[in-house]
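Each chain, written out:
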Amino acid sequence: MHFGPHLLLAALEGLVTSAVLALTALGLSLVFGVMRVVNVAHGEFFMLGAVLAWAISTAIAGHPAIGFVAALVIGPLLVGLVAFLAEWLVLRRLGYNPEGTIVATIGMLYIIQQLALSFYGPEARPVEPPFSYRILLPWFGYSGYKLSVVAASALLLVLTWLVLTRTRIGLIMRATQYDRETAQAFGIPVERVYAGVFAIGAMLAAIAAVLIVPISQAHYLMGQDPLLLSFIVVIIGGLGSLRGTVVAAILIGLSDGIISMFFSPTLAKIIATLVVAMVLVFRPQGLFGTTQR
Amino acid sequence: MRDASPAKIYALHIGVIALLFALNFVLPDYHQGLFARIMALAVFAMGYNLLFGYVGMLSLGHAMFFSAGLYGAGLTVYHLGWGVPEAFVAGVACGAVLALVIGLLALRTSGVAFMIVTMMFAQVFYLLVLYFAAWTGGDQGLVIQQASRVITIGGASLDLTNPTVRYMSALTLFSVVLIATLAIARSRFGRVLVAIRENEERTKMLGYDTVANKLAAVVISGAICAASGAAYALLFGYVGSSFASVQYSILPLLWVLLGGAATTLGPLIGTLFMYYVTDIASSFTSAYLLIVGIALILLVLFAPKGILGSIRQRWLGWLP
Chain D
1 MHFGPHLLLA ALEGLVTSAV LALTALGLSL VFGVMRVVNV AHGEFFMLGA
51 VLAWAISTAI AGHPAIGFVA ALVIGPLLVG LVAFLAEWLV LRRLGYNPEG
101 TIVATIGMLY IIQQLALSFY GPEARPVEPP FSYRILLPWF GYSGYKLSVV
151 AASALLLVLT WLVLTRTRIG LIMRATQYDR ETAQAFGIPV ERVYAGVFAI
201 GAMLAAIAAV LIVPISQAHY LMGQDPLLLS FIVVIIGGLG SLRGTVVAAI
251 LIGLSDGIIS MFFSPTLAKI IATLVVAMVL VFRPQGLFGT TQR
Chain P
1 MRDASPAKIY ALHIGVIALL FALNFVLPDY HQGLFARIMA LAVFAMGYNL
51 LFGYVGMLSL GHAMFFSAGL YGAGLTVYHL GWGVPEAFVA GVACGAVLAL
101 VIGLLALRTS GVAFMIVTMM FAQVFYLLVL YFAAWTGGDQ GLVIQQASRV
151 ITIGGASLDL TNPTVRYMSA LTLFSVVLIA TLAIARSRFG RVLVAIRENE
201 ERTKMLGYDT VANKLAAVVI SGAICAASGA AYALLFGYVG SSFASVQYSI
251 LPLLWVLLGG AATTLGPLIG TLFMYYVTDI ASSFTSAYLL IVGIALILLV
301 LFAPKGILGS IRQRWLGWLP
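Those protein sequence lines, which keep their order, are chains D and P. Letter 189 of the first sequence, counting from 1, is numbered 189 in our numbering, and no numbers are missing. Letter 136 of the second sequence, counting from 1, is numbered 136 in our numbering, and no numbers are missing.
Simulated from the structure, these hints should not be mistaken for laboratory data. Certain hints may be false.
Covered stretches of chain D (chain P as the covering partner; in silico rule of three or more C-beta atoms under 8 Å from a C-beta of chain P) [to be verified]:
hint, segment
1, 95-106
2, 150-156
3, 160-170
4, 210-219
Residues of chain P clear of chain D, computed beta-carbon distances all greater than 12 Å [as the list claims (entries may be wrong)]:
hint, residue
5, P28
6, I280
7, S283
8, L296
9, P304
Listed next, with one range per pair, are the computed distances between beta-carbon atoms [stated by the list, open to error]:
hint, chain 1, residue 1, chain 2, residue 2, range
10, P, W135, D, E181, 30 to 38 Å
11, P, L100, D, I60, 56 to 64 Å
12, D, S264, P, Q145, 27 to 35 Å
13, P, L34, D, P122, 55 to 63 Å
14, P, L34, D, V69, 35 to 43 Å
15, P, Y276, D, I60, 39 to 47 Å
16, P, Y238, D, P122, 48 to 56 Å
17, P, Y30, D, F119, 54 to 62 Å
18, P, E198, D, Q217, 44 to 52 Å
19, D, L85, P, Y10, 43 to 51 Å
20, P, A147, D, S118, 56 to 64 Å
21, D, P122, P, Y208, 35 to 43 Å
Ideal Cβ positions, reconstructed from N, Cα and C, are used throughout, including at glycine.
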């Protein structure tokens, strides 16, 4: 293959990474933006989504699309329930203290990871894609499913944006984010909003995982890379800024895809992590973020 | 409450050291080895405690300081054939220099950003270890041969692979660091650090250079953690990338929280307790991470002050 088509392939792969990353990072960003909680267990909610997708799709017989759709609906709902319980049982009782919640979510990370290892096992298992249509480009064929992941992710991002900016629920969430106490004084049930946001954040990660699992397999350690990359995206994009998160996800996904196609993936990660640490040190509000209150 | 006579406090610490010394002759072989490991790692926890407990800065990247010491000592022995004392010094120096650089950068941030920045620098360190696998051995690690772990002073030679020598070396390092942290905690410098934890703005207003004090704390903390890593490499003869992974940044946090942050003996108690809990648990389940996770959540919910912290609060107000 020549350089041009090679680059196109790398860019397409990067775009798929970006799509999944944007959804995952959006969940992390929502939780941090509204609740000021750094959720270290976010990657494990992602992993849980993928593992549940495998369990649900293998439990349902028939055409793979039926199992996949069931997984896409039931998986994230279950993950949302787990997150809701975690918020209710642990985070609320800590009073959302930033350091306490970090330690507690580290604890959740270990618990979820170990339970996945005990009940799901150490193997990586594939999920069959709902359809297998190949789009033929002049230089190579490309999986139609991968492109539909990009489309689904874009749709969900637009949907989230509409909910946040155009609905009453979004208004309540933004009010809570802006000033928790005033929101409470105006009769907003802040605790219920927090529980909902934490569950929605986890569900976004789970949806991203269900979408990606037909491409990369489900494994109990698969939550670590998305966690780190989501942190990177959220920091570069500016915490709590939806537009920044999407732009940063595309930037990181594309550069990750392209750098790791031409150089070593470890080197790509080293450079990305170092750049982000430096951004956080010298420009804490992120590249695209507005200044914090 | 805190004004107990210094004699009583030093007597307590020397008593603990004497107890550990006596245990060498009582413990069965398996537990003797475990205790040597616990003492070496308790030094790691004490280094972490200096920053987290006294200054109140939660770092999620201390694995890089530990493994800077580990690789600083291990690689100089393995590749350059250095002797044990030089390699130990090299390890500590690596940790101190790394801590100085990281401190200068990371201290521009605070709170949540500080945790994330330290975690990211540690991740870079971990990936670098994997990237230079040709020298570091990557995730397989390197085994340091017995022959290169012998100290020769004059005519006498000390073999660090001998269980008693290993136990005593770990105890020596542990005792030096324990007394040093006690001295720091009771010194003027230590009190400034606590003042920064309680109210940084007020401390600044009182005329203390808080950034310089925090930087000094980061460097001392990094050097102590590196000493632990260097000792670990030389005493147990293995260096590997798992020691640089994020798990080894979280373990000292767990040990310190469990034992009691900002107590001098808390790190030892936390490390000891956690090691024995996982040791007993792993005899009937392989799910030891589950226990770590549950311990972290229960601790932060019900005993945020840890074992010694709670004891100090209830009964013994004079504990340092």
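Given the range 30 to 38 Å, decide if the beta-carbon distance of W135/P to E181/D lies inside it. Distance hint for W135/P, E181/D is violated at roughly 55 Å.
Does the Cβ distance between A147/P and S118/D fall inside 56 to 64 Å? violated (42 Å)
Does the Cβ-Cβ separation between L34/P and V69/D fall within 35 to 43 Å? Hint violated: Cβ distance 52 Å, outside 35 to 43 Å.
Status of P28/P, Cβ more than 12 Å from any chain D Cβ: Answer for P28/P: holds, closest chain D Cβ roughly 30 Å.
Within 27 to 35 Å or not, the Cβ separation of S264/D and Q145/P? holds (31 Å)
Beta-carbon spacing of E198/P to Q217/D - inside the hinted bounds 44 to 52 Å or not: holds (50 Å)
Supplied distance hint 55 to 63 Å, evaluated on CB atoms of L34/P and P122/D: The hinted range 55 to 63 Å is violated for L34/P and P122/D, with Cβ atoms some 27 Å apart.
Given the hint of 43 to 51 Å, check if L85/D and Y10/P actually sit that far apart at their C-beta atoms. holds (49 Å)
Has the segment 150-156 of chain D got at least three residues whose CB is nearer than 8 Å to a CB belonging to chain P? violated (count 0)
Taking C-beta pairs only, is P304/P more than 12 Å away from all of chain D? Given a closest Cβ separation of 7 Å, the condition is violated.
Could you let me know if the closest chain D CB is still more than 12 Å away from the CB of L296/P? violated (3 Å)
With respect to the beta-carbon atoms only, verify the hint that Y30/P and F119/D lie 54 to 62 Å apart. violated (32 Å)
The structure fails hints 2, 3, 4, 8, 9, 10, 13, 14, 16, 17, 20, 21 (numbered hints given earlier, in ascending order).
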